[in-house]
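**Student:** What follows is the residue order along each chain.
Number of protein chains: 2
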Amino acid sequence: MKINKFLNPKYVAVVGASSDSTKVGRKIFDNLILNKKTKVFPINNKEKKIAGFLAYQDINNLPIKDWGGLLVIIAIPAKFVLDEIIKCSKLGIKNFVIISAGFKEVGGLGFKMEKDILSLAQKENLNILGPNCLGFINNNISLNATFSNFFPDKKNIRKNNIAFLSQSGAIGSAVLDWVANKNIGLSYFISLGNKAVLNENDFFEYFYQDKKTDLIVAYLEEISQGPRFLELVSKISKTKPVAILKTGKTEAGSKMASSHTGSLAGSHEITLLALKKTGVIILENINELYNLMRLVRGPIKDIPGKLAIVSNAGGPAVLATDEVSLQKMSLANFSSETKNDLKKNLPIFANIKNPLDILGDAGPDRFAQSLKLVLKDKNVSSVLILLTPQSMTQVEATAEVIGKIKSENKEKDIVTCFLGGVEIAKGKKILAKYLVPNFDSLEEAIGLLNKIENYKNNRKKIKKYIRQLDSNKDFSKDSGVVDYLKSFQLLKDFNIKNVPTKKIDWENIKTEQLKKIKYPIAIKFVGPDFLHKTDKKAIFLNINKESEIKEIINNFKNRILSKKISDQNYIVYQPMLESNLELILGMKRDAVFGPIILLGLGGIYAEVYKDTVMELVSASRDDIKKMLSSLKIYPILTGTRGQKGINIDKLVETIFNFSKIASSYNNILEIDINPLFVNEKTIIAADIRVITK
Amino acid sequence: MKINKFLNPKYVAVVGASSDSTKVGRKIFDNLILNKKTKVFPINNKEKKIAGFLAYQDINNLPIKDWGGLLVIIAIPAKFVLDEIIKCSKLGIKNFVIISAGFKEVGGLGFKMEKDILSLAQKENLNILGPNCLGFINNNISLNATFSNFFPDKKNIRKNNIAFLSQSGAIGSAVLDWVANKNIGLSYFISLGNKAVLNENDFFEYFYQDKKTDLIVAYLEEISQGPRFLELVSKISKTKPVAILKTGKTEAGSKMASSHTGSLAGSHEITLLALKKTGVIILENINELYNLMRLVRGPIKDIPGKLAIVSNAGGPAVLATDEVSLQKMSLANFSSETKNDLKKNLPIFANIKNPLDILGDAGPDRFAQSLKLVLKDKNVSSVLILLTPQSMTQVEATAEVIGKIKSENKEKDIVTCFLGGVEIAKGKKILAKYLVPNFDSLEEAIGLLNKIENYKNNRKKIKKYIRQLDSNKDFSKDSGVVDYLKSFQLLKDFNIKNVPTKKIDWENIKTEQLKKIKYPIAIKFVGPDFLHKTDKKAIFLNINKESEIKEIINNFKNRILSKKISDQNYIVYQPMLESNLELILGMKRDAVFGPIILLGLGGIYAEVYKDTVMELVSASRDDIKKMLSSLKIYPILTGTRGQKGINIDKLVETIFNFSKIASSYNNILEIDINPLFVNEKTIIAADIRVITK
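Protein sequences appear in the order of chains A and B. In terms of my numbering, the first sequence has 212 at position 212, counting the first letter as 1, and numbering is strictly consecutive. In terms of my numbering, the second sequence has 547 at position 547, counting the first letter as 1, and numbering is strictly consecutive.
Chain A on its own, in the form it takes in the complex (with noise of 0.2 Å):
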């Protein structure tokens, strides 16, 4: 394992320790010292004495010969940074925890510093954590190496079994103070900076095979090495969830983030693509990643069947019925064993249903029974209790009859949601007691409870991703746009048919050549000045005469000879098609998660319904099927209301086959089929283009 000495070091160096208390060196030193197993080593070249601690005036002064199980946390200015560890290299120590800031994020010289620091750790192999970032912690070994403030809960009844890592040190603090005495169990806190070196996927892979932790949480504001992230996350997924909190959801947050941290953060949608491939935990805002950390405490088996909502009042149950229907979740039918149960344990207005009202004098008696009997039904995986305080209502005793419960019951969610304030607050000590996770909202309460729900069922179906290399073939040596015959040709090359299309000789037009035209024909301009060809009216649809050729080759000539477009440029002509149906079918290739396909609504009604789908090209067959069922034009391509629909499986070969020319070529930026044709027989690129780097 990469990382395991880098977590669990046998010695720890900080260089910048100091004596003076307000410093962040000096921080680190004080909360290191707080471990009694790991032996702490003060680094400083001016001072004699830290805490009472022997400083040291240089890293070679130290007296261990065990250099690589030795971890050196760096707090000095950043332009000393580099040489400090060309030092410790030349030692043989591997493991560095760079908290200085200064580097990428500020640009400049600190990009070009943060650069040699890389290809340093690249060439010597070292494990670098930063820079710019608050540390870690190793809550197994008790060693917390940050400048945070940390309290272990002493008296947690919970395993420490969440790791948690995060990109932004503001956030990593706000959650660090937020778990306290909150019977939380945080194994790990990785405070990962700039990711230069070391980033959320080596963290990933070591929390992957630690027994320890159940779940991992991350707040991201870029992903790190897409197709790695994918593979190991798709993995991972398989056995424990990994939940991710990741920003840059509009243009305006990614551009906020990429001034905070110097991060390239890709397109959100391609991201949101991507993570739903690996089945994680998507995380919606800080409150999410509170309350995932609240509700799990040990690893999240399969426990079959729905939820049961459980309520004293009608109006929370509407309430909780409108979320269950919004986030499209389905509740638990009752067994009629379990319909006829409730029945006996009732009063007789109580409808017997799903969520359960158990009426507004429903005392600890009723909750209990009620609970008890839901819990029992085997179509029942977890239970939300909703109380709200009424003039019967004993908020005390309810709360612990349901903490009995839970504590008997450990296989089967139980949570709740207590809504008021006062007397509420009571009740809700004794389930915190009970670890009986309560939340204020019951939107918050039935949302997680979905997204556990739908990683449990997912985590099943998820297919393992494998990162294809990237192919060293070029289509052409030229960068820019490819020629418009050869652009078709390479669809040929990949099976993918397209409209007959045949250049005009414009400068020496053979009457031969227009007898023997078929009409009606479309013609075209292309080339480098036609990329937008409706825009820059360079298509002539429904010609039908040859007068009328005749006056667009004038056209196009008068705008050579009057360079307004270059001679590169020329003219084709295709038979005109009839077609009711046109799509769009293109590639680009995303910052992160490397080439994409697209498939959309053609047509005039494109732009106003913006009916597309994605998918990565390493898409199957079965993958693509999906993707199409996705897009919301699906049953016209189908067939509906007696019309005839399109060939779906020609359809389908034409954009696996599409999707191959992404991976052969990795110089090609972009393709765009705009129109592609689409009826009951074939599929039919009717323009295109291709883009190169």
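Worth double-checking, as some hints may not be accurate.
[Stated by the list, open to error] Cross-link-like lysine-lysine pairs, in silico, DSS-like; alpha carbons within 25 Å at most:
hint, chain 1, residue 1, chain 2, residue 2
1, A, K426, B, K23
2, B, K537, A, K644
3, B, K426, A, K426
4, B, K429, A, K428
5, A, K426, B, K428
6, A, K625, B, K610
7, A, K306, B, K249
8, B, K433, A, K426
9, A, K644, B, K536
10, B, K249, A, K353
11, B, K429, A, K426
12, A, K159, A, K212
13, A, K644, B, K610
14, B, K249, B, K212
15, B, K182, A, K182
16, A, K372, A, K461
[As the list claims (entries may be wrong)] With beta-carbon atoms standing in for the labels, derived distance ranges:
hint, chain 1, residue 1, chain 2, residue 2, range
17, A, N554, B, Q643, 21 to 29 Å
18, B, N542, A, S629, 28 to 36 Å
19, B, M392, A, N45, 42 to 50 Å
20, B, K477, A, P347, 42 to 50 Å
21, B, N542, A, K378, 52 to 60 Å
22, B, N555, A, N508, 53 to 61 Å
23, A, K460, B, P299, 52 to 60 Å
24, A, S629, B, A397, 55 to 63 Å
25, B, P575, A, S629, 36 to 44 Å
26, B, F349, A, R589, 31 to 39 Å
[To be verified] Among chain B residues calculated to face chain A with C-beta under 7 Å, some are:
hint, residue
27, F147
28, K249
29, N287
30, D322
31, G420
32, A425
33, N457
34, I633
Derived from the structure by calculation, the hints contain no laboratory data. Just so you know, even glycine gets a beta-carbon here, dropped at the ideal spot from N, CA and C.
Let chain A serve as the given structure and place chain B on it in line with the hints.
**Tutor:** For chain B alone, coordinates are given in the frame of chain A:
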């Protein structure tokens, strides 16, 4: 004011008061006597003394003369309630609260009893709250006429300025429990129950006039008297905000609500349409309701400018930027003066933009300076401060300076989002002391500030809604589907063009008629058996010759002869019109808000893209123009990329005329024009269906 005496009674009598302290009637009595000003009488035909008070056997025995000043609270079994009210009514008592359940919500006899109470109330002009409710609180006179615990905050340093109404007793209880000790100034609490007689509108009318009330908040499962509601709320919103949490967002939720209070909720989509017209603040969940109550401390004033965000960390600033962008909110642009001042005061690395990242080492002074500079900016109306506890952060001292600045700047809203746990808790206490609302979720903070911002902007534009009187004209005496040609005539009467449509005398087809036909034509079977023509194979397009017509007539004859269809059906033909754009124009009556018009894309894409908009029939031509522009297809209607648009003015006129049909004839339930052909010249109906009550 109709309910002035109801809310401010001189005396209160509790029918069903009891010495048994577990009884609801006793709990109400105990709550009432906490108030020292209003005289309270317990009424019980078996007991002599209740809680030390002399009990009266019968309402007749009360030692009072001003029966109009008496409020009677009834907490006896449902079956005795009507007789009690009759008895009271004879004495001249006008004001009642019925606590008892067992009415409409249980159906059957309960439904009938509630109807009888309503009849009596209408006849005798009685104010009755409930049945099936908690009662009400008038906190201005310290009158708690409910059986709920309510802890008015004795130390409340806020004005009691919020009126809260709840159709759910449980949600009401939860909110009462939540406001306790929170410095939230509740002026009134109304538990609406089944709304047999008094409903939200009666109270809205009162709170509109009430100078103490700055904010009206309601939890509603159904809206009562749609048109009255619209008229009232659009008037109130001009001066004070009305915020509504409306359940039944989904069909499942509506069903749950209906089984819970017997409400008939109407369509949520139409409810939202109507609510938006009134300028109401639409709340999504209870958390938003709580948060709004915390925020609104006085009248909402028109401070020009937009939101500024100040953060001591990049991560939260990125999350905030995402959220602002998702909410389509825009942030303040700092003036160049502010920018210069900030530059002078912030470290050189700081990026001067909004959100403003004042960096992780910001101490209280930097927070204070930045906040003051930003507040001074004319482009800023409110400030959100994000704080995470980093190593240099002084949480308490920062909270203190924010609080002080807040108390010196009452005009502009200052809210905070301190993210974390232990360290943060101390800061939150200080913020609470200064009445600075702190949010645990930055998404919630931004969401709420955005809603208030939108309210302020919208209220200037709210048009007074004028209730239209129902027409008492009927279109025809028959109920059901209106004859096809008569339906087209109805359109003509309202100046809506239709495709010329002629009957074919199928029993006796004349050659001369056939000779006159200009081909191509469309033939349709119409009548009661052909409501859905496509499904019933009743449309024949592009008919080009006599032989085809004869074949179609035979098809029809066979259906008649085999009695598959009735002989009320007949055959029509229309010229084939070229149209590449088909719309659907419809009208239906909503249970709550009355007639609604609906416009949408027609043709094969109608069902896949569901591109539709709705409007109230009271819409002006301007409203209809706006309605059009919110269709996704609008850019195509106006013309795009060289394509000609359609005649928008004629379309507006057509819809305007169409909306008059619904208000002219009371018994028309539904109209569907599908398709409505639209092009650059004309707007013309090609098919129609009209249904009467």
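**Student:** All hints are to be evaluated individually against the structure, with a verdict given for each.
**Tutor:** Against the structure, the hints come out as follows:
This hinted pair checks out: K426 of chain A and K23 of chain B have alpha carbons roughly 24 Å apart, not beyond 25 Å. Restraint check for K537 of chain B and K644 of chain A: the C-alpha separation of about 16 Å stays at or below 25 Å, so the hint holds. Taking the CA atoms of K426 of chain B and K426 of chain A, the gap is near 21 Å; set against the 25 Å cutoff, the hint holds. With a C-alpha separation of about 20 Å, the suggested pair K429 of chain B and K428 of chain A falls inside the 25 Å cut-off, and the hint holds.
Between the alpha carbons of K426 of chain A and K428 of chain B the distance comes to roughly 20 Å, so the proposed pair stays at or under 25 Å and holds. A distance of roughly 23 Å separates the Cα atoms of K625 of chain A and K610 of chain B; the hinted pair therefore holds under the 25 Å criterion. At roughly 22 Å between alpha-carbon atoms, K306 of chain A and K249 of chain B fall within 25 Å of each other, so this suggested pair holds. With a C-alpha separation of about 23 Å, the suggested pairing of K433 of chain B with K426 of chain A holds against the 25 Å cut-off.
A C-alpha spacing of about 17 Å is found between K644 of chain A and K536 of chain B, which places the hinted pair at or below 25 Å, so the restraint holds. Proposed proximity of K249 of chain B and K353 of chain A is supported: the alpha carbons are some 20 Å apart, at most 25 Å. In summary, the hint linking K429 of chain B to K426 of chain A is supported, as the alpha carbons are separated by about 19 Å, within the 25 Å threshold. Simply put, K159 of chain A and K212 of chain A have alpha-carbon atoms about 8 Å apart, close enough for the 25 Å limit, and the pair holds.
In summary, the hint linking K644 of chain A to K610 of chain B is supported, as the alpha carbons are separated by about 21 Å, within the 25 Å threshold. Pair hint K249 of chain B plus K212 of chain B does not hold up; C-alpha atoms about 32 Å apart against a cutoff of 25 Å. Between K182 of chain B and K182 of chain A the alpha-carbon distance is near 23 Å, which keeps this suggested pair within the 25 Å criterion. For the hint linking K372 of chain A to K461 of chain A, the alpha-carbon distance of about 32 Å lies beyond 25 Å, and the restraint is violated.
Checked against the hint of 21 to 29 Å, the pair N554 of chain A and Q643 of chain B passes, with Cβ atoms roughly 26 Å apart. About 33 Å separates the C-beta atoms of N542 of chain B and S629 of chain A, a value consistent with the hinted range of 28 to 36 Å. Range check, M392 of chain B to N45 of chain A: about 25 Å between beta-carbon atoms, so the 42 to 50 Å window is missed. As the Cβ distance of K477 of chain B to P347 of chain A is approximately 49 Å, the hint placing it in 42 to 50 Å holds.
The hinted range of 52 to 60 Å is satisfied by N542 of chain B and K378 of chain A, whose Cβ atoms lie roughly 59 Å apart. Between N555 of chain B and N508 of chain A the beta carbon distance is about 60 Å. The supplied range of 53 to 61 Å therefore holds. Remark: the range hint 52 to 60 Å for K460 of chain A to P299 of chain B is upheld by a beta-carbon distance near 57 Å. For the pair S629 of chain A and A397 of chain B, the supplied restraint of 55 to 63 Å holds, since their beta-carbon distance comes to about 58 Å.
Look at P575 of chain B against S629 of chain A: about 40 Å separates their beta carbons, and that is inside 36 to 44 Å. Judged by the Cβ atoms, the range 31 to 39 Å given for F349 of chain B and R589 of chain A holds: they are separated by roughly 33 Å. Contact between F147 of chain B and chain A, as hinted, is supported at the beta carbon level, the nearest pair being about 5 Å apart and thus within 7 Å. Of the supplied interface hints, the one on K249 of chain B holds, with its beta-carbon coming within about 5 Å of a beta-carbon of chain A, less than 7 Å.
Taking 7 Å as the C-beta contact cut-off toward chain A, the hint placing N287 of chain B at the interface holds, the least distance being around 5 Å. Annotation: interface hint on D322 of chain B holds; nearest CB of chain A at approximately 3 Å, less than 7 Å. Because the smallest distance between the Cβ of G420 of chain B and any Cβ of chain A comes to about 3 Å, under 7 Å, the interface hint for this residue holds. Interface restraint check: A425 of chain B against chain A, minimum CB-CB distance 9 Å, threshold 7 Å, status violated.
Of the supplied interface hints, the one on N457 of chain B is violated, with its beta-carbon coming no nearer than about 21 Å to a beta-carbon of chain A, more than 7 Å. Annotation: I633 of chain B was flagged as interfacial toward chain A, and the flag holds, the nearest CB pair being 5 Å apart, inside 7 Å.
In the structure shown, a violation is registered for the earlier hints numbered 14, 16, 19, 32 and 33, in ascending order.
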